[in-house]
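Engineer: What follows is the residue order along each chain.
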Amino acid sequence: MTKFSLLALAALAAPAAAQVKLNGAGATFPNIIYQDWMLTYNQSHSDAQLNYQSIGSGGGIRQFSDGTVDFGATDAPMKDSAIAAINGNVLHIPTVLGGDVPTYNLPDVKATLKFTPDVLADIFLGKLTKWTDARITSANPGVKLPDADIVVVHRSDGSGTTFIWTDYLSKVSPEWEQKVGRGPSVNWPVGLGGKGNEGVTATVKQTPGAIGYVELGYAMANQLPAGSVRNKAGKFIAASLESITAAAAGAMKDMGPTTDFRVSITNPDGDAAYPVASFTWFLLHRQYDDAAKAAALVKFVWWAETQGQARAAPLGYAPLPKQLGPWIEVRLKSITAGGKSVWTTAAR
Amino acid sequence: MTTLVGVLSFVAVLALAVILGYLVVKGASSLDWNFFVKNPVPAGQAGGGVANAIVGTVIIVGVAALIGLPIGIGTGLYLAEYGSGRFGWIVRFVADVLNGTPSIVVGIFAWTWLVRPMGHFSALAGSVALAVLMVPMIARTTEEMVRLVPHSLREAALALGYPRWRTSLRIVARTALAGILTSCLVGIARIAGETAPLLFTALGNLNFSSSILQPMQTLSLQVFTYGTGPFDEWHRLAWAAALVLMGLVLLLSLTARWALRSRHGAAR
Amino acid sequence: MDDGSPVAPDRPALVGRNAVDRLYRAALTGLALSLPLLLVALLAELVASAWPAITRFGVRFLWTSVWDPVAGVFGAAPMIFGTLASSLLALLFAVPLALGVAIYLTEFSPKWLRQPVAFLVELLAAIPSVVYGLWGIFVLIPFLRGYVVPPLRGVLGWTPFLQGVFYGNSLLAGGVILAIMIVPYIAAVSREVLLAVPSSQREAALGMGATRWEAVWTAVVPYGRAGLIGAVILGLGRALGETMAVTMLIGNRHDIGLSVLQPAYTMAAAVANEFSEATTNLYLSALFEVGLILFVVTVVVNALARLMIWRVARGTAVGSRAL
Chain A
285 MTKFSLLALA ALAAPAAAQV KLNGAGATFP NIIYQDWMLT YNQSHSDAQL NYQSIGSGGG
345 IRQFSDGTVD FGATDAPMKD SAIAAINGNV LHIPTVLGGD VPTYNLPDVK ATLKFTPDVL
405 ADIFLGKLTK WTDARITSAN PGVKLPDADI VVVHRSDGSG TTFIWTDYLS KVSPEWEQKV
465 GRGPSVNWPV GLGGKGNEGV TATVKQTPGA IGYVELGYAM ANQLPAGSVR NKAGKFIAAS
525 LESITAAAAG AMKDMGPTTD FRVSITNPDG DAAYPVASFT WFLLHRQYDD AAKAAALVKF
585 VWWAETQGQA RAAPLGYAPL PKQLGPWIEV RLKSITAGGK SVWTTAAR
Chain B
675 MTTLVGVLSF VAVLALAVIL GYLVVKGASS LDWNFFVKNP VPAGQAGGGV ANAIVGTVII
735 VGVAALIGLP IGIGTGLYLA EYGSGRFGWI VRFVADVLNG TPSIVVGIFA WTWLVRPMGH
795 FSALAGSVAL AVLMVPMIAR TTEEMVRLVP HSLREAALAL GYPRWRTSLR IVARTALAGI
855 LTSCLVGIAR IAGETAPLLF TALGNLNFSS SILQPMQTLS LQVFTYGTGP FDEWHRLAWA
915 AALVLMGLVL LLSLTARWAL RSRHGAAR
Chain C
29 MDDGSPVAPD RPALVGRNAV DRLYRAALTG LALSLPLLLV ALLAELVASA WPAITRFGVR
89 FLWTSVWDPV AGVFGAAPMI FGTLASSLLA LLFAVPLALG VAIYLTEFSP KWLRQPVAFL
149 VELLAAIPSV VYGLWGIFVL IPFLRGYVVP PLRGVLGWTP FLQGVFYGNS LLAGGVILAI
209 MIVPYIAAVS REVLLAVPSS QREAALGMGA TRWEAVWTAV VPYGRAGLIG AVILGLGRAL
269 GETMAVTMLI GNRHDIGLSV LQPAYTMAAA VANEFSEATT NLYLSALFEV GLILFVVTVV
329 VNALARLMIW RVARGTAVGS RAL
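Chains as they are written, first to last, in the working numbering: chain A, 285 to 632; chain B, 675 to 942; chain C, 29 to 351.
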């Protein structure tokens with residue numbers, strides 16, 4: 285006790301160093317890579333200390349808009365009305381690509397399950413309740429499914445992972461679009477709520493017969509099975525870095541250095557494209573008050589967009605298409621503090 | 675029937691034993707030197723610790739005590755010394771009612787009053803939330819401790835011509851000092867494990883941070899994040915953090931118990 | 029409400045000292061004022077922040093059950109139901125246990141056992157909520173799934189209370205963990221209430237030829253009835269507002285159902301889960317209203333409990349002392 289209180293006192297007494305502290309919060313979807321980036325960056329850059337807390341995309345947008353964090357993070361782009369509410373003072377900067385995968389807890393099923401879009405929609409609508417339903421078995425010939433009830437697990441918090449999932453279901457199922465719709469949090473017809481990708485993964489892991497949707501990286505890190513999903517071209521595609529990048533490739537034609545990066549890439553064209561994929565974004569202000577903060581933040585973001593990209597693949601995230609780099613650079617250069625670009629001091 | 679109530683008592687004690695037993699079994703095997711001196715490492719990697727959360731807990735709870743204890747003790751002295759009127763009754767009643775306030779409500783209160791106006795999450799906001807939870811508890815226990823001071827002592831002091839304030843501070847409060855310190859320890863033990871009020875105030879921090887104006891990690895937040903997370907490594911750290919947190923709380927509670935006992939013999 | 033503190037004699041000779049006395053008193057009064065002010069501030073803040081939702085949904089908020097952030101329609105009925113259901117379930121388990129402990133310790137146990145057992149039971153209150161949650165996830169739920177629910181289903185599976193798939197995270201898990209958490213409060217307060225029953229009550233009954241147990245049941249318990257009910261209500265107040273452990277165990281699903289095996293939601297859990305994530309102002313406001321309802325309910329329940337306990341054990345801060 286004494287030792288710790290002395291340590292604490294010493295810490296309190298120490299003057300704040302010339303280290304810039306940057307706080308961000310938001311999406312849980314990219315939490316693993318953001319934690320990795322920031323802890324790695326902090327180790328090699330003594331002038332900045334970055335902190336990220338995964339509170340959900342909804343929270344990221346809210347806290348960013350309220351100004352309680354220096355940067356936000358989201359997998360669901362802000363709505364036009366939300367951007368207008370903060371006078372347009374926001375930039376969406378894509379960081380990596382990820383995919384939502386259906387993950388399930390069926391200990392005796394060794395093969396990777398295949399899901400058609402209508403089966404996924406009906407499971408999450410609560411219309412399809414048994415693992416032995418003919419529509420599941422016919423898509424999975426030769427797989428012996430248990431005679432068990434399907435337990436749906438979804439997010440209890442506002443989340444971009446949910447946005448991607450419901451955005452996809454809305455595109456493939458008119459009934460879903462009409463009854464539930466898309467959003468960071470929706471009125472779920474059935475199922476159990478878990479907090480964060482972590483909570484959903486944990487609940488699926490601990491509940492036999494469960495199905496949930498989580499970020500590919502979480503499923504990989506936990507050796508959870510990830511089902512393949514039939515894409516627009518009619519092929520069953522498993523989520524992989526390649527199939528996710530293939531989903532993004534189609535969207536490149538709609539983007540450029542001056543366009544908004546808010547693009548949905550669910551249910552894309554392309555034989556090899558995984559259909560439940562998305563960009564995930566940092567939310568940065570166009571204008572900052574504190575030049576030192578802004579410069580340090582831009583410097584970190586640029587590091588993440590360049591050196592950081594190499595760290596994505598091992599953690600289950602697809603790196604951004606190379607074309608995006610120069611366009612993002614243009615965007616970061618436009619960030620100002622006190623009317624001046626902070627790029628020159630930031631990029632070294 | 676006697677057997678029945680005996681068995682029920684045994685069941686209640688058994689519940690405690692099972693919970694503490696699991697904590698020790700699951701937590702102790704994960705405690706190592708790294709745990710205390712290292713900061714967290716990226717998710718999925720091994721070898722990290724929670725030094726930032728341990729120091730964070732000490733700072734947040736310490737600042738909460740600095741804010742909450744003077745107000746709580748002062749209120750308790752008021753209740754014991756002047757609290758016989760209508761206002762005293764109201765304060766006493768409000769204290770008892772606030773004592774049961776859901777801690778999550780205090781959390782959103784602190785977010786609205788501190789985090790939003792200040793423009794950032796901070797350990798300080800967390801400390802204020804914890805202080806709010808602490809004051810009613812400290813006030814009522816302090817009052818009880820002061821009331822244990824024999825009237826004869828007070829009367830003797832007044833008869834000797836001591837003014838009321840000196841009697842109160844030098845004679846009464848000093849006599850009750852051990853009791854008051856005990857109640858402070860119990861209050862601190864209570865808030866040390868609180869999580870809900872910190873979710874929207876202290877927020878949590880990946881790094882070691884000692885600035886009370888910045889987000890800060892605590893052991894309780896760490897148990898929540900790691901315990902509800904998917905990684906086995908996180909679960910391991912969650913049990914260890916829970917054990918350390920429990921150890922801290924028990925240490926404070928037992929010290930309080932011991933202090934009270936040695937002072938009053940039978941502490942009811 | 030006589031606290032027995034003597035009134036300082038106002039002697040003309042001590043006027044100068046009285047000035048300091050008045051200052052001292054004023055300072056303490058100022059500190060004491062902080063508590064009522066805090067109560068008012070809490071209430072005012074919650075009402076102000078919840079106002080958009082209150083005006084938008086009116087009293088409907090209390091009994092409609094749609095919680096749809098996309099459409100901006102909010103009704104808190106499932107959370108109110110879940111809060112009440114989990115708390116009542118907790119009382120069902122906790123009351124017999126806690127009263128048993130209190131009666132055993134005050135009336136029957138060997139003297140040397142009283143202190144240690146009372147202390148150990150009160151220690152349950154010292155365990156942080158989040159630790160209960162952790163234990164619940166990894167120990168309680170697997171235990172319920174493996175050893176409790178299957179036999180329970182075998183006997184009572186036909187009742188509406190045990191329908192549906194048992195996911196683990198459920199009303200039952202939340203109720204059981206809450207029960208363990210409130211036992212120390214109910215036990216400690218009940219014990220103080222029973223101790224406050226004059227021994228003449230006991231002796232009179234024994235003198236009339238009653239057995240020990242009859243004396244307890246016919247004389248002691250009825251005398252302390254108001255206080256014991258107060259103790260139970262106090263436990264209820266604790267259960268209603270408990271956050272972390274319940275959030276981690278109850279399943280967080282906006283739904284109303286009779287089956288205790290199904291997931292549910294509580295008001296405290298909803299605020300914990302969704303507060304920092306609410307994107308629209310209306311959503312945030314709805315969560316503030318949930319917080320307001322929770323606050324008002326717990327204040328009323330606690331006030332009721334205090335008044336009943338004070339009827340038996342006057343003015344004591346029962347329960348505050350539980351370690």
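Derived from the structure by calculation, the hints contain no laboratory data. Glycine residues also receive a C-beta, built at the ideal position from the N, C-alpha and C atoms. Be aware that a few hints might be false.
In silico negatives: residues of chain C with every beta carbon more than 12 Å from chain A [to be verified]:
| # | residue |
| --- | --- |
| 1 | Leu117 |
| 2 | Leu180 |
| 3 | Ala224 |
| 4 | His282 |
| 5 | Ala306 |
| 6 | Tyr311 |
Below, a list of computed lysine-lysine pairs in the DSS-like style, where the Cα atoms sit at most 30 Å apart [to be verified]:
| # | chain 1 | residue 1 | chain 2 | residue 2 |
| --- | --- | --- | --- | --- |
| 7 | A | Lys489 | B | Lys700 |
| 8 | B | Lys712 | A | Lys489 |
| 9 | A | Lys455 | A | Lys516 |
| 10 | A | Lys537 | A | Lys519 |
| 11 | A | Lys398 | A | Lys455 |
| 12 | A | Lys537 | A | Lys363 |
| 13 | A | Lys516 | A | Lys577 |
| 14 | B | Lys712 | A | Lys577 |
| 15 | A | Lys606 | A | Lys455 |
Engineer: Confirm or reject each hint.
Structural biologist: Verification of the hints:
1. Non-interface status of Leu117(C) relative to chain A is upheld: no Cβ of that chain comes within 12 Å, the nearest being about 18 Å off.
2. For Leu180(C), the requirement that its beta carbon stay farther than 12 Å from each beta carbon of chain A is met, with the minimum near 18 Å.
3. Consistency note on Ala224(C): stated as away from chain A, and its beta-carbon is indeed over 12 Å from all of that chain's, at 37 Å minimum.
4. The claim that His282(C) lies off the interface is violated: its Cβ sits roughly 8 Å from the closest Cβ of chain A, which falls inside the 12 Å cut-off.
5. The Cβ of Ala306(C) sits about 6 Å from the closest Cβ of chain A, inside the 12 Å cut-off, so the non-interface label is violated.
6. With 12 Å as the threshold on Cβ separation, the claim that Tyr311(C) sits away from chain A is violated: the shortest Cβ distance comes to roughly 8 Å.
7. For the suggested pair Lys489(A) and Lys700(B), the alpha carbons sit about 19 Å apart, so the restraint of at most 30 Å is met.
8. Among the hinted pairs, Lys712(B) with Lys489(A) is consistent with the structure: their alpha-carbon atoms are about 29 Å apart, no more than 30 Å.
9. Restraint check for Lys455(A) and Lys516(A): satisfied, since their Cα atoms lie roughly 11 Å apart, inside the 30 Å limit.
10. With a CA separation close to 23 Å, the supplied pair Lys537(A) and Lys519(A) stays within the 30 Å bound.
11. A hinted pair counts as satisfied when its Cα atoms are at most 30 Å apart, and Lys398(A) with Lys455(A) qualifies at roughly 19 Å.
12. Distance hint between Lys537(A) and Lys363(A) is fulfilled; the C-alpha atoms sit about 22 Å from each other, no more than 30 Å.
13. The hinted pair formed by Lys516(A) and Lys577(A) fails the criterion: a straight-line CA distance of about 44 Å is larger than 30 Å.
14. Taking the CA atoms of Lys712(B) and Lys577(A), the gap is near 27 Å; set against the 30 Å cutoff, the hint holds.
15. A threshold of 30 Å between alpha carbons decides the hint, and for Lys606(A) with Lys455(A) the separation of about 28 Å falls inside it, so the pair holds.
In this structure, the hints that do not hold are numbers 4, 5, 6 and 13, in rising order.
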